[in-house]
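S.K.: Spelled out, the chains give:
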Amino acid sequence: EDKVVQSPLSLVVHEGDTVTLNCSYEVTNFRSLLWYKQEKKAPTFLFMLTSSGIEKKSGRLSSILDKKELFSILNITATQTGDSAIYLCAVDTGTASKLTFGTGTRLQVTL
Amino acid sequence: DTAVSQTPKYLVTQMGNDKSIKCEQNLGHDTMYWYKQDSKKFLKIMFSYNNKELIINETVPNRFSPKSPDKAHLNLHINSLELGDSAVYFCASRMGFSGANVLTFGAGSRLTVL
Numbered sequence: 001e002d003k004v005v006q007s008p009l010s011l012v013v014h015e016g017d018t019v020t021l022n023c024s025y026e027v028t029n030f031r032s033l034l035w036y037k038q039e040k041k042a043p044t045f046l047f048m049l050t051s052s053g054i055e056k057k058s059g060r061l062s063s064i065l066d067k068k069e070l071f072s073i074l075n076i077t078a079t080q081t082g083d084s085a086i087y088l089c090a091v092d093t094g095t096a097s098k099l100t101f102g103t104g105t106r107l108q109v110t111l
Numbered sequence: 001d002t003a004v005s006q007t008p009k010y011l012v013t014q015m016g017n018d019k020s021i022k023c024e025q026n027l028g029h030d031t032m033y034w035y036k037q038d039s040k041k042f043l044k045i046m047f048s049y050n051n052k053e054l055i056i057n058e059t060v061p062n063r064f065s066p067k068s069p070d071k072a073h074l075n076l077h078i079n080s081l082e083l084g085d086s087a088v089y090f091c092a093s094r095m096g097f098s099g100a101n102v103l104t105f106g107a108g109s110r111l112t113v114l
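Keeping their order, the protein sequence lines are chains C and X. Residue 96 in this note's numbering sits at position 96 of the first sequence, and the numbers go up by one each step. Residue 30 in this note's numbering sits at position 30 of the second sequence, and the numbers go up by one each step.
Just chain C, same shape as in the assembly (with noise of 0.2 Å):
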C-alpha cells in the first residue's frame, strides 16, 4: 500500500523562526510530489516536485526533493504569523493520478 509520512506532526515556532518540515514516502509508482498549505478551508498548492535536487522556490518558502532517499522537505525562512497552517504532503502515484497524502504538519508561528 501506498505510504507518505509527514513530520513533525505538529510544531510551534515564534515570528522570524525558520522551520524545516519533512515529508518521506514509500509507492509503487512515483509520477510527482506536491505540497499543499490548508487554513481553514481548501488546501491550496504551493509546489510540484518531479526531479531531484532542484530546489523550488517561491518568495519564503522553498522545497526540494530526493527520489533516491524518497523524501523532501518544506523549507520557511523568517515565518510570520501568516504561516500558521496544516502543510500537506502529496504524492502523485500516476494510478488514475491518485494523490496520496500525508497526515500534514501543523504549524503554529507565534509573536
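To be clear, the hints were calculated from the coordinates, so they are not data collected in a lab. One should not assume that every hint holds.
[Said to hold, decoys possible] DSS-like, lysine-lysine: derived pairs with alpha carbons at most 25 Å apart: (1) K40/X to K98/C; (2) K40/X to K40/C; (3) K40/C to K36/X; (4) K9/X to K41/C; (5) K71/X to K41/C; (6) K3/C to K40/X; (7) K22/X to K67/X; (8) K67/C to K44/X; (9) K19/X to K41/C; (10) K41/C to K22/X; (11) K19/X to K71/X; (12) K68/C to K56/C; (13) K40/C to K41/X; (14) K67/C to K22/X; (15) K36/X to K22/X; (16) K9/X to K40/C; (17) K3/C to K37/C; (18) K36/X to K52/X; (19) K98/C to K71/X; (20) K40/X to K56/C; (21) K41/C to K40/X; (22) K44/X to K37/C; (23) K68/C to K3/C; (24) K52/X to K22/X; (25) K41/C to K67/X; (26) K40/C to K19/X; (27) K67/X to K9/X; (28) K37/C to K9/X; (29) K52/X to K41/X; (30) K40/X to K22/X; (31) K41/X to K41/C; (32) K41/X to K37/C; (33) K36/X to K41/C; (34) K68/C to K40/C; (35) K44/X to K40/C; (36) K37/C to K56/C; (37) K98/C to K52/X; (38) K98/C to K22/X; (39) K36/X to K37/C.
Everything numeric in this text was worked out from a predicted model, so none of it was measured.
With chain C fixed as given, assemble chain X onto it according to the hints.
M.R.: Same frame as chain C, but now just chain X:
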C-alpha cells in the same frame, strides 16, 4: 469566480438519514475527485471520475454513491448516515491524468452526524 464549488458548506443531520453533497467546477477539467478529511486532518481519496466515468473507487462503503451527470459536476450521495461519516468532504478537479496538472480543491463540506 469560484473554481470548484461545493454545497452545502455545512450539514448537520441525524443517524440513518440520507444526504447529498454537490460539486461543480468551472475550470474545464475532466477529472473530478471526492476526498474525505477526518478529525485528525487526514485526507483520503474516495472516488475519482474522468469524463463521467468512474476511475477510482477506494474501499468506501456502498452507502456512498457518487454521480457525475457531466464532466463539470460530481455529486456524492450518502445513505443511512452513521456517526463515523462525520468529516469534511472535499471535492477536487484536475485536467486529465497528467502528472503535470495540479489538483484544485473546493472549500469543503462539513458533515456532522448526530
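S.K.: Please work out if K71/X and K41/C have their alpha carbons no farther apart than 25 Å.
M.R.: holds (24 Å)
S.K.: Mind checking the alpha carbons of K19/X and K71/X for me, to see if they're no more than 25 Å apart?
M.R.: holds (22 Å)
S.K.: Quickly compare the C-alpha distance for K41/C and K67/X to 25 Å and report which way the hint goes.
M.R.: The given pair, whose Cα atoms are some 24 Å apart, holds under the 25 Å limit.
S.K.: CA of K52/X to CA of K41/X, is that 25 Å or under?
M.R.: violated (28 Å)
S.K.: Has the given pair, K19/X with K41/C, been kept, meaning a C-alpha gap of at most 25 Å?
M.R.: holds (21 Å)
S.K.: Would the pair K9/X and K41/C pass a check requiring their Cα atoms to be no farther apart than 25 Å?
M.R.: Holds, at about 10 Å.
S.K.: Between K98/C and K22/X, is the straight-line Cα distance small enough, at 25 Å or below?
M.R.: holds (21 Å)
S.K.: Would the pair K67/C and K44/X pass a check requiring their Cα atoms to be no farther apart than 25 Å?
M.R.: Measuring from Cα to Cα gives roughly 23 Å; hence the hint holds.
S.K.: Taking only the CA atoms, is the gap from K40/C to K36/X under or equal to 25 Å?
M.R.: Holds: K40/C and K36/X sit about 15 Å apart, inside 25 Å.
S.K.: Decide if the proposed pair is consistent with the structure: K40/C and K41/X, CA atoms, cutoff 25 Å inclusive.
M.R.: Distance ~11 Å between K40/C and K41/X Cα, so the pair holds.
S.K.: Run the distance test for K36/X versus K37/C: straight-line Cα separation, threshold 25 Å.
M.R.: holds (17 Å)
S.K.: Given the hint that K9/X pairs with K40/C, test it: the Cα-Cα distance must not exceed 25 Å.
M.R.: Judged against 25 Å, a Cα distance of about 13 Å means the pair holds.
Of the numbered hints stated above, those contradicted by the structure are hints 14, 20, 29 and 34, listed in ascending order.
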